[in-house]
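A.B. asks: Build the complex: two chains, separate frames, hints provided.
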Amino acid sequence: MAAIFQGVGAAAPLSSSPSNSFDSNKSVFSPRRSFSVRKRASFAVVRSDGIVNLNPKGRSAQRLISNAVATKADSPAASSSSKPGHELLLFEALQEGLEEEMERDPRVCVMGEDVGHYGGSYKVTKGLAKRFGDLRVLDTPIAENSFTGMGIGAAMTGLRPVIEGMNMGFLLLAFNQISNNCGMLHYTSGGQFTIPVVIRGPGGVGRQLGAEHSQRLESYFQSIPGIQMVACSTPYNAKGLMKAAIRSENPVILFEHVLLYNLKERLPDEDYICNLEEAEMVRPGEHVTILTYSRMRYHVMQAAKTLVNKGYDPEVIDIRSLKPFDLHTIGNSVKKTHRVLIVEECMRTGGIGASLTAAITENFNDYLDAPIMCLSSQDVPTPYAGTLEEVTVVQPAQIVTAVEQICQ
Amino acid sequence: MALSYLRSSSSRSANLLRPLSSAASLRRPISTDTTPITIETSVPFTSHQCEAPSRSVETNPSELLTFFRDMALMRRMEIAADSLYKAKLIRGFCHLYDGQEAVAVGMEAAITKKDCIITAYRDHCTFVGRGGTLLEVFAELMGRQAGCSKGKGGSMHFYKKDSNFYGGHGIVGAQVPLGCGLAFAQKYSKDESVTFALYGDGAANQGQLFEALNISALWDLPAILVCENNHYGMGTAEWRAAKSPAYYKRGDYVPGLKVDGMDALAVKQACKFAKEHALKNGPIILEMDTYRYHGHSMSDPGSTYRTRDEISGIRQERDPIERVRKLVLSHDLATEKELKDIEKEVRKEVDDAIAQAKESPMPEPSELFSNVYAKGLGAESFGADRKEVRATLA
Chain V
1 MAAIFQGVGA AAPLSSSPSN SFDSNKSVFS PRRSFSVRKR ASFAVVRSDG
51 IVNLNPKGRS AQRLISNAVA TKADSPAASS SSKPGHELLL FEALQEGLEE
101 EMERDPRVCV MGEDVGHYGG SYKVTKGLAK RFGDLRVLDT PIAENSFTGM
151 GIGAAMTGLR PVIEGMNMGF LLLAFNQISN NCGMLHYTSG GQFTIPVVIR
201 GPGGVGRQLG AEHSQRLESY FQSIPGIQMV ACSTPYNAKG LMKAAIRSEN
251 PVILFEHVLL YNLKERLPDE DYICNLEEAE MVRPGEHVTI LTYSRMRYHV
301 MQAAKTLVNK GYDPEVIDIR SLKPFDLHTI GNSVKKTHRV LIVEECMRTG
351 GIGASLTAAI TENFNDYLDA PIMCLSSQDV PTPYAGTLEE VTVVQPAQIV
401 TAVEQICQ
Chain A
409 MALSYLRSSS SRSANLLRPL SSAASLRRPI STDTTPITIE TSVPFTSHQC
459 EAPSRSVETN PSELLTFFRD MALMRRMEIA ADSLYKAKLI RGFCHLYDGQ
509 EAVAVGMEAA ITKKDCIITA YRDHCTFVGR GGTLLEVFAE LMGRQAGCSK
559 GKGGSMHFYK KDSNFYGGHG IVGAQVPLGC GLAFAQKYSK DESVTFALYG
609 DGAANQGQLF EALNISALWD LPAILVCENN HYGMGTAEWR AAKSPAYYKR
659 GDYVPGLKVD GMDALAVKQA CKFAKEHALK NGPIILEMDT YRYHGHSMSD
709 PGSTYRTRDE ISGIRQERDP IERVRKLVLS HDLATEKELK DIEKEVRKEV
759 DDAIAQAKES PMPEPSELFS NVYAKGLGAE SFGADRKEVR ATLA
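Read top to bottom, the protein sequences are chains V and A. Each residue of the first sequence is one higher than the one before, starting from 1 at the first, in this note's numbering. Each residue of the second sequence is one higher than the one before, starting from 409 at the first, in this note's numbering.
Certain hints may be false.
[Unchecked claim] With a straight-line cut-off of 25 Å between C-alpha atoms, the simulated SDA-like cross-links for lysine to any residue are:
no.	chain 1	residue 1	chain 2	residue 2
1	A	K598	V	E99
2	V	K126	A	L626
3	A	K783	V	F175
4	A	K783	V	I224
5	A	K598	V	P141
If you're looking for bench data, these hints aren't it; they were derived computationally from the structure. In this text, all values refer to a predicted model and were calculated from it rather than measured experimentally.
Only chain A is shown next, with the shape it has when bound in the complex (with noise of 0.2 Å):
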């Protein structure tokens, strides 16, 4: 088995993608093969204040599959989504994860599910990166029974305690403290797992995020902040926002690393380092450089702001996708009709999911006193008319 050497280009084009052996004639059985292959990454990280790691990434045909495969349902999930809002089935706020991919899959390749993952509203594909279900999502999102917040939460409020995802927050860089609490959690039990708290370019400038990583730094926690940067803070650029757009080294004393995050091997890389470094000596911050297709959510066309060729050049160039597909036909792990056919499966299972959610009835009238206290407390509220709507706040 030979270990092939490529380099993934970003900006080039796709011609460059040359294997240097022959094994395009011995086809391997795709779905489980764990030959490792190595792969740089597109561009080298820049970091502040530590070592970068280094360029070569390992991996091997299933994971690069998986990849595929996750980032396609992700894809579809996004675009359902739309559809759906445009339906008037999702009301409310909907805030699209579609080209930012790349960060969920590829940190849950350096993860284990003991690791705590918390992020802001825009959580629907990290949600299914951690074990989300398709039917969870999407009931949720209608505001149905079988949602993973039965309904109460909707798009902004995903959570997922058996699989440590902790949301799903309306308020912008609000989850930060809390992510940091959860790093501290974990080094009170001292599980030997760590906390990644993922926050937006436009939250990166929030005073709690700072105050924290303060607090993270002083006491060291095994907190990874990560500033998932699409540029764009609703609708102001970042270089609007921002005297130092170099989210990486705003921590000052705490060391940053600046990935390519529309490179999911690229994430993987980070995440990894990222883990062994908190682990050893604390607090680091990530700047996933990345970008949002839609805009801010679906009420922002997202083009008042931002040119329709910047949007259609990213899709052109580096889309996380289109780089996993490049990568697995150039390795020859498997051919254009089996790619597209998984994403027609996952097109399918994405429709499959919207059948089974809209069937999910609403949530029960009484729902709407539950679950407001962990133990009731006998506390009453009632409506307008006392005999009609009288419930005890459970």
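Here chain V stands alone, though its shape is the one from the complex (with noise of 0.2 Å):
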């Protein structure tokens, strides 16, 4: 499995940390370290055959971006093939991931409405229908609750269904499903089956799409035992975790954001996955933790340079892995800052943010100086207008005020 991290020469102790899911034969060098440089981080990538290269130049490194806000690409000229590695889009990123697990394993098939013929309504199954064939990518009528136990019940037979949700707020037709039947039929079954399908959409608050359809689906799923969740953010760890969640044995549900579809960025040529347990760490800073996941990175990114001009060095990890959380990266910046603001796009009663919290002060209440601040969506169904609609979302003016706030 390979893992991707940042290696800056540091002479930290190469251990094994004992919550890591890593095959712990094939790698050798933990993920997790804390830092005390504030430096362009570059990545070494670890591959599958566990092989590392700490040497950038030689192999197509990838460079943190870390103020990747808006959708600017990069220009044509610029983005010439002189720079190893190939550009994509997130939606595209998903797709190549998607292909080359497809390509990979003949049990992968993708079930979901539109998936097929039409190309997916965000692309991301786009030319898989073509390239595949009807019986790999299923379209499904209006069906929810059906289909997603179908692919389940596939499942048990040994297939790997990715299940599509058009959007993710219509998947809560298939709670029952997702539920009963995708979280708990290993545990109940005694461990005869497994059940390793992927369920995956766009949700989050878009652009005035009305209240139905601007539904954050991670709070209600997150006490599920048995499944695991992941928010995706850029195109790299969109690929990345798209591929480790279909190889992973257990269901995987994966978060997309509508607005985060047209992202682009540079990714590698070669095969690599993200590790699914693993949170990644953005910006590495000194006063503040700032926890956050999916849309919510770029906001937050956005008020970084904001507070940064006003002196202050956030440090900025996205979680990713909304069940189970990485306490272990978490908690190294907890134990280095000793503030946390978390920002996030799920409502304040019983978001992600709420569980957070909880986990955080159960483990790491004696390294806080502040109580945390949690900054949350408005507990309100979200409104078509615009002006409203950008009120009940996290802003970035919000986090500065916050930031300023917590390292009084």
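C.D. replies: In structure tokens, the structure reads:
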């Protein structure tokens, strides 16, 4: 299993943390380190055969884009073939990951509404039906409850379906199947059946899509035992998480965001996956730990620019893994900065931030110098009017104010 | 060897059974005899959008005696479960299948272990039919380690992966999309087998059933939906729950067949027909007209919504075990005494299994945290006192 981690020549001792789910005979390095150096980090890529490459020049190293806010792409002239890797938009990255996995394992199939001939409502499955045929890329009728159930039934026999909800909110109709059958069958059968499904789809607040199409389901699914939840935020981790989710034996729910599909990034040419249980260090810092995921990462980074100008040094972590939380990375950060701000798009009540606050308080209370602050969306249905919609979601200005408040 | 034609009646008296040949004096060894016998089912099949199969069923003495033995075993097992529940060794929900044994037994006779079966919570006998042992049944019911789901599933969660028995589901109707998913996987891997997705008359009104049926018909999946119509959805009679209680017709564009579910041979014929049909033409619905003697579950006396006369009437006229017993006796395949001996044997088997299951220990506390994930993530779980209860979710 390949992992992505940052090595800046740090002399930290290499130890495998007890809570990682690596094949311990493959990975030698602990991917989680705390950073005291504020530098533009460069990635080293651990390939799936366990070979670590610390030389960024020899292979396609990925430079961390720490201020990817808007969808501004590199101009075509600059992104010539002199740089290694290839540029992709986020939905193309998802498609590439899916295609590579379907090629690699004939048991992988995709089912969802309009995924086949139409190419996917967000083009994530474009071209797959032509390439793999109607039996592997299945257009379902509008029947979430039953096709999610069918995907789970097929997974019980060993197939690996990727079930797409056209919008995450529609998966509420399949909640019974996801909770009872997807999450619990492995346990209630005494370990006889595994359910290696991937349930994915776009969610989150879009551009004036209305209340029913702007739902954040991660808060509803988070208590279901037996499932894993991850949220992607960049093309790089979108492809990596998609591939890792398909290869995982556990059922994984992959949360995408409607507004992030057009982000552009340069991806390595070679095969890589992202660790499903790991958080991503976006910007190392000293003064405050900001935990975020999905689209709010970009609001945070925008706020970070303002904060840097004001003299603050925030550490930004994209938690990526919503269930289980990567308490190792988060803990190390809390131990360094002693202040935590959580910025999420979930509702305040019962959201991911609420659970994360509880988890950090339980585990790291002694390291906190200030109460944890959690910025979430308002507990209201998302209104249609643009001005109102803006106010329900956390904006960069509020993040700046919150950091100033915490760091007093 | 003469083939004797017999009309086995359901509602008429037993005296109509008259052997045509004088084969009574020629007693052949009974347990392995495979001389074909043709028997007519109690009632003809009613069909919807398809040609009904013939009423004459091919069987043989060995099969009939296997039917008798298996059904007697299942009956005894369920009655023993009743006593165990009243003795508070089985807790929670316990849904008993006595009266419906013919469906489980007839289905097994028509298919192989490569075909998949998935059913709802009334699954004890179906599990045994698929090859589950009595020990696994009773241990699971009592929550012991030797149970088929290691004691963590309970009455409603019996599974047997190696003989393609997919359970065992508590939520009404949710197993039908799963069953169509199994059929999809069979079509995907092209292994010429079918899936029987069983549900009840109560579940027949679930929307997800029609969704799954639509998809199965659209994609030509080898799915056979079997409605075990015991006429009561817990306490609600079928005519109070369904505008159209002709469940075999509810598939509309999907063909259906109505079968006397108390006649094991009719069930066998119908399942054989359905398997051939599904492999060629896609889904088909079978409605098994059957009856349960117990209430919906152990907490339901079963007599508040139906009369005792009705229950005892069915027991006298349509009981599946009695039907096979009469067939066996009238064909001189065994004597009264031999059948009684089989019942005694079966009773002893059940008692032994219960004794053995009682010895099996409860699951270890660490089992609470195992099998949550297929591959452990290192997520930690702890109780009020972190030092005392602290485990990694495996």
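A.B. asks: Please go over all the hints and tell whether each is borne out by the structure.
C.D. replies: A quick look at each hint next to the structure:
Distance hint between K598/A and E99/V is fulfilled; the C-alpha atoms sit about 23 Å from each other, no more than 25 Å. This hinted pair checks out: K126/V and L626/A have alpha carbons roughly 22 Å apart, not beyond 25 Å. Only pairs whose Cα atoms come within 25 Å are accepted, and K783/A paired with F175/V is accepted, the gap being roughly 23 Å. About 16 Å separates the Cα atoms of K783/A and I224/V, which keeps this hinted pair within 25 Å; it holds.
For the given pair, K598/A sits about 23 Å from P141/V by alpha-carbon distance, which is consistent with the 25 Å threshold.
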